[in-house]
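Asks: Given these sequences and hints, build the entire structure.
This note's numbering numbers the first residue of the sequence shown as 2 and each following residue consecutively.
Think of the hints as simulated: they come from the structure by calculation, not from any bench. Remember, predicted model here, so these are calculated numbers, not experimental data. Note that CB positions come from ideal geometry on N, CA and C, so glycine has one too. Check each hint, because a few of them may be wrong.
[To be verified] Across the chosen pairs, the derived CB separations fall in these ranges: (1) Ala131 to Thr228: 49 to 59 Å; (2) Pro201 to Ser61: 22 to 32 Å; (3) Glu237 to Ser108: 11 to 21 Å.
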Amino acid sequence: MFQRLFFVLCVLAAAALPAPPVSATDERPLTVFAAASMREAMEAIADAFEEETATKVVFSFAGTGTLARQVEAGAPADLFVSADAAWMDYVRDQDAVSADTIVEFASNGLVLVGLEESPVLELSPENLHAVLETGRLAMADPETVPAGRYGKAALVTLGLWPAVSARLAPMENVRIALASVARGDAPLALVYRTDAMVEPAVAVVAELPQQSHPPIRYLAALTSSRTHPAAPAFLEFLNGPRAREILHSLGFLTDKVN
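Replies: The following block contains the structure:
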C-alpha cells in the first residue's frame, strides 16, 4: 500500500514540474509580421534561414499600418518588418518593438503599371487624364499606407497630383492595387518596382524618379512580446549577406550589394 502511494506521489510531482524550454529547432514557428510588398523576398529569405538553422518561419503579410496596429495591440509576432520609418517610429514610441534592435535593410523604387503590352506613358497631366478618363488610378491608400504616401509625394513633386486626385482608387495595400490592374479592374496602378517584377500580367509604363519622393526604407525589429529564441538570429540573417543577395535578385535596392 505504501509503495503504491509513493509511486502515485512521484508521478504527480513529475507532472507538476515545468516543461523544458522549446528550442529554436522545435515545432513552434518563428512568426514575422511583414509589409505586403516584401512577400516573395521574405519567403525566400525564410527558406534560406530554415536551410541553415532548421527553424520554421511563418508570416502575416498586410499593409504596414494594419500590422503596426496589431503589433501595438500585442499580436503574437516575433519580428515586425515595416515599409517605412513612420510606422516603425510609431510602434517604437508605443514600446511595441525593442528600439535598440531596429535595422534598415532595403529600399525600393516606384513605377506606374498597366496591363501587359501597354505602351510607355510619358508622365504629363494630359496623358494621365486621358488614360484615367474612364478608369481610376489604383494605389495604396495615401493616408495610411507607406506605398501610398510615397506615391502621393512623387505625384505632388512631379506636378501630377491635380490630374489624378479625383480619379484615385485607394487600396488597403500595394499588392491589392497591383492585382486590380492584373485583373483589368483599373487601367493604371502606382506600385513598387519590385511588385511589377512579380506580376506577369502587368507592364511598367513609367518610372517615377527616385528624387521625387522620400527614400523608401524597409526596417525590421524584434517585437517587445517576442518569445521565439531564434528571433534575434533571424533579424541578424535578414541584415546579412545571403538576405541581401536575395533582395538584390528580386529588385530591391541595398547599398551593401555589389
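Asks: Any hints this thing doesn't respect? Which numbers, in order?
Replies: none
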